[in-house]
Amino acid sequence: MSIQTSTTPLGRDDLARLVARDIVPGSFVNLGIGQPTLVSNYLTEEQNITLHTENGMLGMGPEAKDDEIDGDLINAGKIPVTELPGASYFHHADSFAIMRGGHLDICVLGAFQVSATGDLANWHTGAPDAIPAVGGAMDLATGAKDVFVMMTLLTREGVSKLVEHCSYPLTGVGCVTRVYTDKAVFLIGPDGVTVRETFGCTFEELQAMVPVPLVPFDEKAAGAVVGV
Amino acid sequence: MSIQTSTTPLGRDDLARLVARDIVPGSFVNLGIGQPTLVSNYLTEEQNITLHTENGMLGMGPEAKDDEIDGDLINAGKIPVTELPGASYFHHADSFAIMRGGHLDICVLGAFQVSATGDLANWHTGAPDAIPAVGGAMDLATGAKDVFVMMTLLTREGVSKLVEHCSYPLTGVGCVTRVYTDKAVFLIGPDGVTVRETFGCTFEELQAMVPVPLVPFDEKAAGAVVGV
Amino acid sequence: MLTFIDTVGEAVAGIKDGSTVMIGGFGNAGQPFELIDALLDSGATDLTVVNNNAGQGDQGLALLIKEGRVRKMICSFPRQSDSWHFDTKYKAGEIELELVPQGNLAERIRAAGAGIGGFFTPTGYGTMLAEGKHTRFLDGKWQVFETPIHADVALIKALKADGKGNLVYRKTARNFGPIMAAAAKHTIVQVSEIVPTGALDPENVVTPGIYVNSIVKVA
Amino acid sequence: MLTFIDTVGEAVAGIKDGSTVMIGGFGNAGQPFELIDALLDSGATDLTVVNNNAGQGDQGLALLIKEGRVRKMICSFPRQSDSWHFDTKYKAGEIELELVPQGNLAERIRAAGAGIGGFFTPTGYGTMLAEGKHTRFLDGKWQVFETPIHADVALIKALKADGKGNLVYRKTARNFGPIMAAAAKHTIVQVSEIVPTGALDPENVVTPGIYVNSIVKVA
Numbered sequence: 001m002s003i004q005t006s007t008t009p010l011g012r013d014d015l016a017r018l019v020a021r022d023i024v025p026g027s028f029v030n031l032g033i034g035q036p037t038l039v040s041n042y043l044t045e046e047q048n049i050t051l052h053t054e055n056g057m058l059g060m061g062p063e064a065k066d067d068e069i070d071g072d073l074i075n076a077g078k079i080p081v082t083e084l085p086g087a088s089y090f091h092h093a094d095s096f097a098i099m100r101g102g103h104l105d106i107c108v109l110g111a112f113q114v115s116a117t118g119d120l121a122n123w124h125t126g127a128p129d130a131i132p133a134v135g136g137a138m139d140l141a142t143g144a145k146d147v148f149v150m151m152t153l154l155t156r157e158g159v160s161k162l163v164e165h166c167s168y169p170l171t172g173v174g175c176v177t178r179v180y181t182d183k184a185v186f187l188i189g190p191d192g193v194t195v196r197e198t199f200g201c202t203f204e205e206l207q208a209m210v211p212v213p214l215v216p217f218d219e220k221a222a223g224a225v226v227g228v
Numbered sequence: 229m230s231i232q233t234s235t236t237p238l239g240r241d242d243l244a245r246l247v248a249r250d251i252v253p254g255s256f257v258n259l260g261i262g263q264p265t266l267v268s269n270y271l272t273e274e275q276n277i278t279l280h281t282e283n284g285m286l287g288m289g290p291e292a293k294d295d296e297i298d299g300d301l302i303n304a305g306k307i308p309v310t311e312l313p314g315a316s317y318f319h320h321a322d323s324f325a326i327m328r329g330g331h332l333d334i335c336v337l338g339a340f341q342v343s344a345t346g347d348l349a350n351w352h353t354g355a356p357d358a359i360p361a362v363g364g365a366m367d368l369a370t371g372a373k374d375v376f377v378m379m380t381l382l383t384r385e386g387v388s389k390l391v392e393h394c395s396y397p398l399t400g401v402g403c404v405t406r407v408y409t410d411k412a413v414f415l416i417g418p419d420g421v422t423v424r425e426t427f428g429c430t431f432e433e434l435q436a437m438v439p440v441p442l443v444p445f446d447e448k449a450a451g452a453v454v455g456v
Numbered sequence: 457m458l459t460f461i462d463t464v465g466e467a468v469a470g471i472k473d474g475s476t477v478m479i480g481g482f483g484n485a486g487q488p489f490e491l492i493d494a495l496l497d498s499g500a501t502d503l504t505v506v507n508n509n510a511g512q513g514d515q516g517l518a519l520l521i522k523e524g525r526v527r528k529m530i531c532s533f534p535r536q537s538d539s540w541h542f543d544t545k546y547k548a549g550e551i552e553l554e555l556v557p558q559g560n561l562a563e564r565i566r567a568a569g570a571g572i573g574g575f576f577t578p579t580g581y582g583t584m585l586a587e588g589k590h591t592r593f594l595d596g597k598w599q600v601f602e603t604p605i606h607a608d609v610a611l612i613k614a615l616k617a618d619g620k621g622n623l624v625y626r627k628t629a630r631n632f633g634p635i636m637a638a639a640a641k642h643t644i645v646q647v648s649e650i651v652p653t654g655a656l657d658p659e660n661v662v663t664p665g666i667y668v669n670s671i672v673k674v675a
Numbered sequence: 676m677l678t679f680i681d682t683v684g685e686a687v688a689g690i691k692d693g694s695t696v697m698i699g700g701f702g703n704a705g706q707p708f709e710l711i712d713a714l715l716d717s718g719a720t721d722l723t724v725v726n727n728n729a730g731q732g733d734q735g736l737a738l739l740i741k742e743g744r745v746r747k748m749i750c751s752f753p754r755q756s757d758s759w760h761f762d763t764k765y766k767a768g769e770i771e772l773e774l775v776p777q778g779n780l781a782e783r784i785r786a787a788g789a790g791i792g793g794f795f796t797p798t799g800y801g802t803m804l805a806e807g808k809h810t811r812f813l814d815g816k817w818q819v820f821e822t823p824i825h826a827d828v829a830l831i832k833a834l835k836a837d838g839k840g841n842l843v844y845r846k847t848a849r850n851f852g853p854i855m856a857a858a859a860k861h862t863i864v865q866v867s868e869i870v871p872t873g874a875l876d877p878e879n880v881v882t883p884g885i886y887v888n889s890i891v892k893v894a
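Protein chains in written order, with the numbering used here: chain A, 1 to 228; chain B, 229 to 456; chain C, 457 to 675; chain D, 676 to 894.
Worth double-checking, as some hints may not be accurate.
Claimed, not checked - Interface residues of chain C toward chain A, partial, derived using beta-carbon atoms under 7 Å:
| no. | residue |
| --- | --- |
| 1 | Met457 |
| 2 | Gly569 |
| 3 | Asp618 |
| 4 | Lys620 |
| 5 | Thr653 |
| 6 | Gly654 |
| 7 | Pro658 |
| 8 | Pro664 |
| 9 | Ile666 |
Stated by the list, open to error - Straight-line Cα separation of at most 30 Å, DSSO-like style, residue types lysine-lysine; simulated pairs:
| no. | chain 1 | residue 1 | chain 2 | residue 2 |
| --- | --- | --- | --- | --- |
| 10 | A | Lys145 | D | Lys816 |
| 11 | C | Lys641 | C | Lys528 |
| 12 | B | Lys306 | C | Lys528 |
Keep in mind that the hints were calculated from the coordinates and are not lab data. Ideal Cβ placement from N, Cα and C applies to all residues, glycine included.
Given these sequences and hints, build the entire structure.
Structural data, given as structure tokens:
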């Protein structure tokens, strides 16, 4: 059985749909700013997912439209959102206690780089004149039970963002459990990096793009795989 | 001017009235279990004192009577109490954050012994077969801005409870600022123990009972006195 | 994953021998008597119990202690006029006691839920309850290092739950409920009423449903 | 001691040069614009400001920074599309920045209010924001030692206050208000409404009046 599940690379929306499908029903989830926010478009009512926003809310609904817009009801990206039945509000220390105490099942984050051991770099380019801004990225990276990354596999220059060691400043050490990219889904575990599926390329073509030893999913004993 | 303000030692109720009178209007106060609870009988409405109970309430009212009794509304001594307008409820960590964060103006506690430097012993007799129980005593002792102690000056055996060094296990180090006893009010400060007033004895008679060097209040420069 | 369960017996059925169990309540206020009775009936033993007290009279936690199910108590105030079952076990050397100042108990439970690995507090400095503990001079005071208290299970009592597991409490019965719910791997709540999702004002939810695993309504 | 004050100008009049000022709000939600404007008018300078961000657009905290009143920012997310006043000052070396992960910011503020002298957290371990900090292996993880952030003054925004200074907030505008109110020596609150004592349900009070010093109603 091939692990290539698509003849073309996945677009952002298809990738978001895939991440959404993989979220276990009943989970509590935090979706990071940017691409991860797209995932919310594909969560179904049957999944009964509760979204957390770190500025102080559980039960966040879709983006607010027109007269729903309320300046007191925003998400972590400062975008007006809505409130679902069963929501709750809390202050910032209580909100980060939810994250830092390991109560979120999944957070989905963007990334500049992910290392073969799950190190994450997503907050700072390291450029000497850049103004640093970290927000809740480090808390999410170290706090959630599972950290999923969504990113393109390659930079515009064609360099792999899945790396042996991150060259960008780290957000968290050994925290990422899965990486969803346009070209493949990677599972990161104690035994290394497993490729769950590929999109528009074979395993061998993928391995040629990535400077990290990869193992295809179907060659591993299922019990040894983390995060499936 | 004599510092003897009463010809007889004070009874428990007179002492409670005195403590109540000394509480600055608008204060937030915690009254310990036992004798300190009497103080609440003498607080006036004009003083606008807010009582805290460490099991999770500000704005505690008087003891509940008859059909006011509600098992869900008790004080730290597990006695049914009432709720005043403007009350608030909070969980135990938030309640102790109020105490430990230095937000209470005054707590009033009983004591086995107080030392000349304000060490407090009020939780454990030190008897080898005693079952220890500390409750919130240590949090109150170290957290409140001012710790007032109410006690009889002498044990039944006639031994002073104001001592050079406590022989009972400590509750807190250097935390007591005032000691209200049946025979005198003591102010404890960096310069030692000052006697603000005596009841039923002269300063010299008091000094003869207490194994700690005392200074009468009117001999000190007012500026050097703590807690008046 | 949140489950609504019909009986207290089923709710506590998964509690294993040797577990650390947090039990809400300060005195009788907020004590989940029905869940404790069910735990007693379940036969679970060798428990470490975290509660402010060590049982009152002949009910609830006191019976669990009487029946020898509690190997160790972590509490602040075991000795009371009616704590005779604890007193007997303690004097017989049949129960271990970790005595913790009440504010440290609350803060250590809160730390477990909030992912704090340890903290410094002035409470207890210079006393026998801080003997052997690491100390440091911080913020102008000597402070003592304290560590989180985690639990396998929390048994708590709330007033109402909605369909998402959000909880509200009643008066001083709130006490340890919210922090224990966050500190335990599995939180079991007995409530007086289950209301439809949306019936609790989101501004007034005290324990968000993320901290709750099992809910059972008790008459 | 609680005071009700008629104007924002009088409310901030006592803020001295060189103060550490916490300002509530996450982005614009909960940001006490009227109090910040009054602080600008007061002329107070050489301030250390604690806020999640470093100002947006041409209002509130952004103007305080533009006018050179802020010596140092303690925040988690200064860089935004419209943080041009901070960006300019920072690049010119005219403002100091202490960048703190958002959860550490919240927990350090909470610690100050709760009398915690310091705590260990896994957040930031192994990153440049933990460089030079004390670390320890606790609860199965490497953790970083963090210290409380105290303030002279907090400026926050709430929805309603009662006569005892009890506060309730509105939706995600609650954010830093409750923890900053507890962490500052003097807390000044702007509210939309002042209600009679007794009009707030004691179960639903978010910030008890003990944490509040001055209240001013803003139209």
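Contradicted hints - numbers only: Violated hints: none at all, because every hint is consistent with the structure.
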